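Trainee: Put together the whole structure using the sequences plus the hints.
Each protein sequence line maps, in turn, to chains A and B. All the letters of the first sequence, read from the start, carry residue numbers 0 to 509 under numbering that gives the first Met the number 0. All the letters of the second sequence, read from the start, carry residue numbers 0 to 177 under numbering that gives the first Met the number 0.
Heads up, none of these hints are tricks.
Cross-link-like lysine to aspartate or glutamate pairs, in silico, EDC-like; alpha carbons within 20 Å at most:
id	chain 1	residue 1	chain 2	residue 2
1	A	Lys246	A	Asp284
2	A	Lys222	B	Glu85
3	A	Lys98	A	Asp290
4	A	Lys423	B	Glu94
5	A	Lys423	B	Glu85
Just so you know, these hints were derived from the structure itself, not from any lab. These figures come from a predicted structure and were not determined experimentally.
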Amino acid sequence: METLLSGVSILLQWQVIVALLIGSIGGVIIGALPGVGAAVAIAILLPATFAFEPIVGLTLLLGIYGSSMYGGAIPAILINTPGTAVNALTTYDGYPMTKRGQGHRALSLAYTASFFGGVFAIICLMVLSPVLAMIAPHFGSREIFLAALLGIVLVVLAHRGQIFAAGMLAAFGMFLNTVGLEPVKYTRRYTFDQSWLASGIDLIVVVLGLFALSQAFLLLLEKNHAPKDTHVSGSIFGGLKELLGLKRVATVSSSIGVLMGMVPGTGEFTSQFLSYTYAQKTSKDPDKFGDGSPEGLVASEAANNAVPGAAMIPLLALGIPGEALTAMMLSVFYVHNVIPGPQLFENQMDFVMALYMALIILNVIVLVFLLFSTNLLLKIIQIPTRFLGVMILILAFVGVYSLRNSITDCAIAAGFGVFGLILKRLDLPIVPIILGMVLGGIMETKLRSAMARVKTPLDFIDRPIAAILFGLIVLILILHFRTLYFEFKNKLRPEPHVPAVDSDHPNQQG
Amino acid sequence: MIAKTLQDMFKRYRRPGDIVFAVLFLAFSVFLLSQLGEQTQVVKRTKWFAQPGLWPTIAVWCMVAFGFLHWLSSAISDRIDGRWVEVGFWVRSLEYVAYFLIYVLLVPQLGYLLSTILFAVFLTLRSGFRGAGAIGIAALFGFIVTIVFRGFLQVKIPAGAIYEYLPDSVRAFALTYL
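Mentor: Structure, rendered in C-alpha cells:
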C-alpha cells in the first residue's frame with residue numbers, strides 16, 4: 000500500500016501529467032498519420048527526453064507507444080490505409096464495415112477492444128509484479144546472457160520467409176555495437192584509425208537514421224498523396240456494449256498479446272496473427288473474416304494493444320528489450336543511471352508502480368479523447384505525405400544534433416537513413432539491427448562476467464532458470480528445423496497444382 | 000483455408016533491386032572479415048570469452064554466413080525487372096542527404112531559427128508545393144519547432160554566430176531561446 004501511494008505521488012507531479020497528456024494525445028495523432036508511426040516519433044523525441052526526469056521522459060514515450068495503435072486504427076478502418084504497420088490486419092474487417100455504412104460501429108469496436116487489450120495487459124503486469132520481483136533476483140549474468148540470446152534467436156526466426164535477411168541484419172547490429180574503443184581492455188575495434196569511430200556508433204544515431212531519416216527520405220521521394228477527406232456519422236459509443244458480447248475473443252486475444260509481448264522478438268504481428276487465427280477458428284461465422292467481421296476486428300485490435308504493456312515486463316524485470324521501441328526506452332533508463340533489472344523491483348518498486356498507473360491513465364485519456372474527437376482527428380491527418388517528409392526531416396535534425404552537437408553524428412545518421420530507405424524499399428526488416436545492437440552489448444558484458452565462475456560448459460546451465468532458457472533455445476531451434484524439414488518434404492511430393500508456400504520466395508528457406 | 004488466408008496477409012515480396020543489395024551487403028561483410036585480424040587485437044593472458052575480438056568475430060562471421068545465404072536465395076530466384084530503376088531511386092535519396100547536411104552546417108552559422116525556417120521553406124518548394132499557403136505553413140512549422148525545442152525544452156543546439164551582430168537588447172534573448 001505504501002508503495003502504491005508512493006507511486007501515486009510520483010505520478011501527481013505536474014511534469015508527469017503534462018507528459019502523459021502530450022504523449023497519449025500526440026501518440027494518437029502520430030499513429031493516425033499514415034507514414035509516421037510511433038518508432039519515428041519516439042526516435043525523434045528520445046534525445047529531448049534525456050533532459051527530463053526518467054519518469055517524465057518514460058511517460059512521454061510510453062504515451063506515444065501505447066496510444067499510436069489506437070490512432071492507427073482510424074485510417075485503417077475509414078480509408079483502408081493503416082496508420083501504423085501493426086494496424087494492417089484491422090483493414091481486413093474494419094474497411095468492409097465502413098463500406099457497409101458501419102464505420103462508426105467499427106471505430107467504436109476498435110477503440111473499446113484496444114482499451115480492453117491495453118488495460119488487460121497492465122492488470123497482468125501488476126498481478127505478475129510480485130512474481131517478477133521474486134523471480135528477477137534469480138537472474139544472474141548467465142541467465143541474462145541466455146535470455147538475450149533467446150531474444151536474438153526469436154527475432155531472427157520471427158521473420159519467417161526472411162530469416163537469412165533478419166540473421167544478417169541482427170549480426171550487423173551486433174557488429175555495430177562492437178565498433179570503437181572496447182571498454183575493458185581498451186583496444187580499438189574496427190576504427191580504421193579514424194578518430195570519429197573511436198567513440199563507437201551511438202544507438203540513438205542509428206535509430207534516428209533507420210527510422211526517422213529513412214522515412215523522411217522515402218516520403219519526400221515517393222509520389223505525393225494525402226488521406227481522403229472523410230467523416231464519421233453516427234454514435235461511436237455503441238462498441239462499449241457490443242464488446243461485452245465479444246468478451247471471449249477480446250480476453251483470449253489480449254492474453255495472446257500479453258504472452259507474445261513478453262517474449263522478446265515477437266510482438267504485435269505474431270500476437271495479431273495468432274489471435275486472428277484463434278478468433279476465426281472458433282467463430283460461428285468464419286467466412287465473415289476478411290469481410291467485416293466484428294470478431295476479427297476485436298481480435299486484432301485487442302491483441303496489438305496488449306503488447307506495449309507486456310513488452311515492459313522483460314524490459315523492467317531483466318533489462319532486456321523485446322523490440323525496437325523498448326530498446327529505445329532502455330536508453331532513457333541508462334542515461335539517468337536507472338538500470339532496469341532485478342534491482343529495480345527490489346529498490347524502486349514505487350517507480351515501477353508509477354509506470355503501471357501511467358499506462359492505465361493513458362489508455363483512459365486516449366479512449367475519452369477518441370470518443371469525442373474522431374472527426375477533428377480526421378481533419379488533422381490530411382497532411383500531404385511529402386510535407387510530412389519535410390516535417391520529419393526537420394524534427395530528426397533536433398534528435399541527432401542535440402545529442403552531442405556533432406556534424407559527424409548527423410552524417411552517420413544520414414548514412415543510416417539511406418540504408419533504412421533501401422531496407423524499407425526492399426521490405427527487409429529493420430528491427431533486427433536495433434535488437435542486435437542492444438542485445439549484442441548485453442551478451443558481451445554478461446558472458447564475460449558469467450564465465451568467470453564457470454569451470455566446465457555444463458556449469459553454465461546448472462541453475463534452474465539457465466537450464467530452462469537453454470532448453471527453450473534448443474527446443475525453438477529444433478522445432479524450426481523440423482518445420483523446415485516437413486515443408487521441404489511436402490515440396491518434394493508430386494503435386495504439380497499445389498502452389499509454393501510463398502510463391503514470391505520459392506527458394507528462400509526460413 | 001486459414002493458413003492460405005494468413006499467408007496472403009503476411010506475404011512478403013522480393014522487390015526489384017534485391018540482388019544488388021544482397022551482393023553489396025555480402026561484399027561489405029567479406030571486406031569486414033578480411034579486416035578482422037587488422038582491426039581487432041588478441042590480448043595476452045586473457046581468456047577467450049574476454050578477448051576484445053570475440054564479439055566482432057561472431058558478428059562478422061554471422062554477417063558473412065547469413066549474407067551468403069541471402070544472396071544465394073536471391074540469385075537462384077526468378078529475375079525481377081526494374082533492378083536499376085530501383086537503384087536509381089536509392090541514389091536519388093542522396094540529394095536530400097546533401098540538403099540535410101547543408102542544413103546541419105548552416106545551423107551554427109545562421110542560428111537554429113533562421114536556418115530551420117529557410118530549410119522548411121526550401122524543402123516545401125523542392126517537394127512541389129508552390130502556393131503561398133504551403134510556404135507560410137512551412138515557415139510557421141519551422142518557427143514552432145524552434146520555439147518548442149530550443150526555447151521551451153532547452154534542447155542543446157548551439158546559438159548562431161550571426162547572433163553576435165544583433166543589438167545588445169535582443170542578443171541575450173536570441174542566444175538563449177532562438
